[in-house]
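Protein chains in written order, with our numbering: chain A, 737 to 952; chain B, -7 to 203.
Calculated from the structure, these hints are not laboratory results. C-beta atoms are modelled at their ideal positions from N, C-alpha and C, and glycine is treated no differently.
What follows is a set of in silico ranges between Cβ atoms, one per label pair, in the way DEER data are often shown:
| id | chain 1 | residue 1 | chain 2 | residue 2 | range |
| --- | --- | --- | --- | --- | --- |
| 1 | A | A788 | B | L34 | 28 to 36 Å |
| 2 | A | Q742 | B | A156 | 40 to 48 Å |
| 3 | B | G171 | A | G821 | 26 to 34 Å |
Some residues of chain B that are not near chain A, with every Cβ distance over 10 Å (derived):
| id | residue |
| --- | --- |
| 4 | V43 |
| 5 | L56 |
| 6 | V106 |
| 7 | D188 |
A short, non-exhaustive set of chain B residues, derived as facing chain A with CB atoms under 8 Å:
| id | residue |
| --- | --- |
| 8 | L73 |
| 9 | A77 |
| 10 | T133 |
| 11 | R137 |
| 12 | P144 |
| 13 | I153 |
| 14 | V157 |
| 15 | A158 |
| 16 | A164 |
Chain residues, written in single-letter form:
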Amino acid sequence: MARSDQALTARAAGLVGCRHCGTVAPLGTELCPRCKGRLHSRFPHSLQRTWAWWIAGLITYVPANLYPMMIMDTFVTSYKSTIVGGAIELIHSGDAFVGLVVILASVVIPTSKFLAIAYVALALRNPRKVNPHLLHKVYEVVEFIGRWSMIDVFVVAILSALVHLGAVATILPGIAAISFGSTVIFTMFSALSLDPRLIWDTTEEAKRERSRPRRA
Amino acid sequence: MQAVPEKPTTEELIACPQCDALYRVPSVPDGARLRCSRCHALLLAPRAGAVEAIVSLASGALALMVASIAFPFLHLGVAGLSAEASVIDTIRSYAVVSGLMAPLSVLLAALIVVLPAMRLGGLIYALGPLVAGRDPPRFATPVFRLAMNLRPWAMTEVFMIGVAVALVKIAALATVSFGPSFWTFIAVVLLVGAKDTMVCEKSLWRVLTRP
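Can you build the whole structure from these sequences, using the hints too?
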């Protein structure tokens, strides 16, 4: 079965579709007639907003990795661990599976999220080479998976709430927790600012581009 | 000659939220799933009895959640000393360390308790009266829209994975066991998951705004 990459879009038909309830209204309508949500044919300044949140996330990601995430005080020592250090330690202590889960949530997901958002946003500048199905898949995965990075911030909160045994052992959250929490929130906003409809607009543009007569 | 209507009817039209493709959809039977032929996004998936199921699952989840936030979900014992943590302790843990960390406590409260509870409460408020055969309440439209928009920010299930990771992280150093609210929170996550499978936002908007 042939995949129909071309479709009549609401915008091409002079309409704007509501992303909440699917209702369509004439282009230029501000509020959805059904659910009263704000209507945008495409998010205004979608890519600019995406990049702004992306950069904010990248800035807070630096201290998140340099400063300690968790500080453990026992009678003899005070031990500080960073995000990467804590996960590596977990693997060394024998729990490879949980160590990998933590590495996945706090290292692999955040870094690949930066790369994936940047990839989609950059690819949209070069519509002729774009495969919209691939880009849309990447976008969906990023949108779905981003919130799971919050695990690390929760773990530190749980451990510091639980381990307060006076002089014997106390766990305190480090400054990286707030930086990393900000990174997760900012990159979630970055992904939410990206309008997926832009991905599919590129297929139309590319088609228009091809049908345009070449100049000698 | 017949009078041409000024505007074409948009009642039967639906636009794909992901790629803006336009479809003419007269009606979709319960249980059927309508996908966008271009980007494969789910357009409509109405379920029979969805409103009743959503309201009852959300009520159960909300009641369990409220009942369990103050009770411990993890116990810790080492060398005769013991400690325990509830969700409230967890949320406060950042704020008690320093003022600089206080915003993180606010964020945690929002992600683990406040926003998930608002989502559940909003669904019950907007859809509950429909179960009793009454009209939607006055603010059903903005409340239901808010409940839907909050979805990525309600992180109860992420928090539960965090509990499991925390448990393993200190299992080597101390004896750790689950408290009563660990199990009720698991139940909350399962109920919310079951509820989410019944939620088809576009179908529910159709039900809510039925004339």
